Amino acid sequence: MVEFTIVRVFDAPREAVWRAWTDPEQLAQWFGPRGVSTPLDKIRMDLRPGGVASLVMVDDASGTEYPNSGTYLEVVPPERLVWKDDGFPDGTGAGTVTVRLRNLGGKTELALHVVADFTDEMRAQAGAGWGSSFDRLGELLARR
Amino acid sequence: MPTDELSRTFAALADPTRRAMLARLARGEATVNELAEPFSISLQAVSKHLKVLEQAGLVTRSRAAQQRPARLRAGPLADAAQWLTFYRGFFEGSLDRLDEHLRKNVLKGRADG
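Chains C and E supply the protein sequences, listed in that same order.
Using our numbering, you'd call the opening residue of the first sequence number 1 and step up by one each time.
Using our numbering, you'd call the opening residue of the second sequence number 1 and step up by one each time.
Keep in mind that the hints were calculated from the coordinates and are not lab data.
Don't take every hint at face value.
20 Å max Cα-Cα, derived SDA-like pairs, lysine to any residue [to be verified]:
no., chain 1, residue 1, chain 2, residue 2
1, C, K84, E, F90
2, C, K107, E, D96
3, E, K108, C, E25
4, E, K51, E, D15
5, C, K84, C, I6
6, C, K107, E, D15
7, E, K104, C, K84
8, E, K104, C, R19
9, E, K104, C, P24
10, C, K42, C, T64
11, C, K84, C, D11
12, C, K107, E, E92
13, C, K107, C, V76
Quick caveat, the model's predicted, so the values are computed rather than measured.
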């Protein structure tokens, strides 16, 4: 599977980290890398399994807008948020994102796991080879 | 058959034999016979895998030479790597800002409390 995981420890209680991900007013203050803004008035969050989320990222320098949407798959406060990300309009970046929060006595460990998404058609084509044996593309690339 | 190239790349990579074949081709071009050597599968099976890699644009085969050696084409792999690099960078950058956001808010909360 083409995937990656990022693990970070934040010096904040788990509830605070959960709110940062699930309260639009907070999300607008940090979502997107530096140089990108996520305006509050364009954030929609229907925070329940099957609920739709959407936002628009704006490149500060050029003003270019990058709309993004997804569907929540799991919402378990304050520890687990999973959504299917539709990616960008050109189809790139579609995938499933899992945010898991662990309480470390006042601090919070966040593990963010992203898996590239594939259609049923692609899964069928990949057949039996698709599954747990799918190791990391990065390893293959490293051996090039 | 997936239509966009990145999807074809990922689908072609979804098989351990094909990944091993690519790893072999990363060391230099090889014929079907040479590619089959490490595996306990038929030459036909190797040819079939090679065809999938070829259709995904990961491999090119010489039309001229009788042995038709296969050669790695790095472009689609680079696209897949770019996907990883872009999205990893996106989330790393976001989490840097989340860290700053939490520091500000938690400090503020502690000062208020």
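Checked hints:
no.: 1; hint: C:K84 x E:F90; verdict: 16 Å, holds
no.: 2; hint: C:K107 x E:D96; verdict: 16 Å, holds
no.: 3; hint: E:K108 x C:E25; verdict: 16 Å, holds
no.: 4; hint: E:K51 x E:D15; verdict: 13 Å, holds
no.: 5; hint: C:K84 x C:I6; verdict: 17 Å, holds
no.: 6; hint: C:K107 x E:D15; verdict: 40 Å, violated
no.: 7; hint: E:K104 x C:K84; verdict: 30 Å, violated
no.: 8; hint: E:K104 x C:R19; verdict: 14 Å, holds
no.: 9; hint: E:K104 x C:P24; verdict: 17 Å, holds
no.: 10; hint: C:K42 x C:T64; verdict: 14 Å, holds
no.: 11; hint: C:K84 x C:D11; verdict: 28 Å, violated
no.: 12; hint: C:K107 x E:E92; verdict: 19 Å, holds
no.: 13; hint: C:K107 x C:V76; verdict: 19 Å, holds
Checked against the numbered hints listed earlier, the structure breaks hints 6, 7 and 11; every other hint is satisfied.
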